[in-house]
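Participant: With chain E fixed as given, assemble chain D onto it according to the hints.
Residues per chain, in single letters:
Number of protein chains: 2
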Amino acid sequence: MSSPLLYVGLDVGGTTMKAAVVDDHGKAFPSSTLPTEAFKGQEHGLNQMCATIRKAIAAAGKSEKDIAAIGVATPGTMDIPNGIILDPPNLKPWQNVPVRKHVHEVFGIPTAFQNDANAAAFGEYWVGAGREAKSMVMFTLGTGIGGGVIINDFVLEGQHSHGAEVGHMKIDLGKNRRCGCGRWGCLEAFASAKSVVKRAEEAVARVTGPSILRDLLKATDEELPAKVVFQAADQGDEVAKKLVLDTAYYLAVGATNMMHLIDPDMIVYAGGMTAAGEPFLNQIKGYINELAFPVPAEKTIVRYAKLGNDAGMIGAAACARQLVMKLASGTP
Amino acid sequence: MSSPLLYVGLDVGGTTMKAAVVDDHGKAFPSSTLPTEAFKGQEHGLNQMCATIRKAIAAAGKSEKDIAAIGVATPGTMDIPNGIILDPPNLKPWQNVPVRKHVHEVFGIPTAFQNDANAAAFGEYWVGAGREAKSMVMFTLGTGIGGGVIINDFVLEGQHSHGAEVGHMKIDLGKNRRCGCGRWGCLEAFASAKSVVKRAEEAVARVTGPSILRDLLKATDEELPAKVVFQAADQGDEVAKKLVLDTAYYLAVGATNMMHLIDPDMIVYAGGMTAAGEPFLNQIKGYINELAFPVPAEKTIVRYAKLGNDAGMIGAAACARQLVMKLASGTP
Chain E
980 MSSPLLYVGL DVGGTTMKAA VVDDHGKAFP SSTLPTEAFK GQEHGLNQMC ATIRKAIAAA
1040 GKSEKDIAAI GVATPGTMDI PNGIILDPPN LKPWQNVPVR KHVHEVFGIP TAFQNDANAA
1100 AFGEYWVGAG REAKSMVMFT LGTGIGGGVI INDFVLEGQH SHGAEVGHMK IDLGKNRRCG
1160 CGRWGCLEAF ASAKSVVKRA EEAVARVTGP SILRDLLKAT DEELPAKVVF QAADQGDEVA
1220 KKLVLDTAYY LAVGATNMMH LIDPDMIVYA GGMTAAGEPF LNQIKGYINE LAFPVPAEKT
1280 IVRYAKLGND AGMIGAAACA RQLVMKLASG TP
Chain D
980 MSSPLLYVGL DVGGTTMKAA VVDDHGKAFP SSTLPTEAFK GQEHGLNQMC ATIRKAIAAA
1040 GKSEKDIAAI GVATPGTMDI PNGIILDPPN LKPWQNVPVR KHVHEVFGIP TAFQNDANAA
1100 AFGEYWVGAG REAKSMVMFT LGTGIGGGVI INDFVLEGQH SHGAEVGHMK IDLGKNRRCG
1160 CGRWGCLEAF ASAKSVVKRA EEAVARVTGP SILRDLLKAT DEELPAKVVF QAADQGDEVA
1220 KKLVLDTAYY LAVGATNMMH LIDPDMIVYA GGMTAAGEPF LNQIKGYINE LAFPVPAEKT
1280 IVRYAKLGND AGMIGAAACA RQLVMKLASG TP
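For the record, the sequence lines run as chains E and D.
For what it's worth, this note's numbering labels the leading residue of the first sequence as 980, then goes sequentially.
For what it's worth, this note's numbering labels the leading residue of the second sequence as 980, then goes sequentially.
Careful: at least some of the hints might be erroneous.
Same chains, same names: a pair is fine if it fits in one copy or spans any two.
Think about it this way: if two alpha-carbon atoms lie no more than 30 Å apart in a straight line, the pair counts; the simulated DSSO-like pairs of lysine-lysine are [as the list claims (entries may be wrong)]:
no.: 1; residue 1: 1154; residue 2: 1221
no.: 2; residue 1: 1278; residue 2: 1080
no.: 3; residue 1: 1071; residue 2: 1278
no.: 4; residue 1: 1173; residue 2: 1154
no.: 5; residue 1: 1041; residue 2: 1197
Derived by calculation from the structure, the hints in this document are not laboratory data.
One chain only, chain E, in its complex shape:
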């Protein structure tokens, strides 16, 4: 294997899927996208996956024989070892889709399969924020809170493909916050973009008199206007400032728990909410210093992700690369 290896990473989302050829150093060629159109059924979805992969290979100016392996990342629920999407809420009406088998049969090369959140974490670990980390926990702050845990190049999938569901660690015993998953007290129920907006709406309802936050919330046409809360805080709105600070606190609780359970050398935040920038990250760090044991509080690096929306695609390629290395070393 003297010539540098190339992989294709494919990240399948609820709306679109995106693929690129990625080289052995994690550098991605221009990416290609196609609509997922889950409603057209899983047969169509599998065809779209293969079409996106082919498009990406063409966009890189390569041919199929140049590709050493393919990695596919999809949302859950799934059976990772068997390469199957089970019953994904974001890809209705797909059920029990043998993704890995199909892609492998079509292209005839080693094909890896991974959860999209795990893949995104692995991408950041490989060539993004976690490049110098040996172990890393990533929180992806979006509508919900996803995550991934990587320890010494090992992606913590869990024994039943339920590992690293960091949004669903219970951080409160009370029945104050119900999570999208139906349970009470999950981290996601306190600190996701959806929760920030919900808490903001509750807070402005309690404010009598003028409120920058209320005005901004009314004026926006964003579907999930979490960023408006951060804007209002920047403009000095005290209620919004408290909401932001509380969100930083909840995220610090989640980070601290992972520092006491996994003890990684890096915690990484990804997703839309990281647009809040360094001041928000510093608030999170401040609370971690209060909450965590002194040694991990001092030594664990806490930072934002670097690969943006490419993390899942690059991470899928990282899974393909790892598969090739495993096959080469004869590891089962």
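Facilitator: Frame of chain E; chain D shown alone:
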């Protein structure tokens, strides 16, 4: 290596240290103990360790040349990769004790070093409750709550020797329960033996009229009478029953969080509180079924540990065995 390998496992506790020769199948020869006498200083402590190891070798009718490797487990705080006890609260006034280096130099054979809670989990994983598990999380329910996480033969030490501090995951945002570590809302602050007794004392103070629990608490001369609470519950005391049920609930929250973060195929409980037997375990399982995602709730085995007080010693031997295998395979 045609003859079966033998190891010595040494478990150093605050009061005594215990060692035994353990064979390649995890079977322990008769164990030997010596007092730790930490107050006599770390020089003395290191000598006691070596003396206990020699005593164990003699008790097995073996000689030093029969032993392939030694494993030493100690309480923290520690630097596991460097084999050093740093500033252990239970071994005052020891500080920065180079345990592995000393034992290695005295016996001249490979010497492994591990946190005692991690070692106990590894022992159960090797030949105890976790024998058939690929990954396992153990909660040790004593005065505090310790733990260990094993994933595919890998002991999750953490990057700063702070992994698997399962007692110090924060499960509540309120300031109702302060932990021995000084923080609020740790699992240990709700579900350790110490917390059970504290909650029992608070509860009987609120009871007007007769109370089986109060009578039993008064009559006992146990230093930490958590078992009295379980006895009172068995005798029908409603307050005690509620305390036991609450404890099961808190432990189920801890287990569920580990199922959503690590997703092991087994959760194991060890330590004094497991004397409460199967009914208590069934209460924990019942709450896990309510709290966890359906797949891990259904598939994760939840049971009690099997090795009792020998787990740390056998686990230390398991670390020695793993070290020998690593050296043989050339893994760094």
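Participant: So, against the hints stated earlier in the document, which numbers end up violated here?
Facilitator: 5
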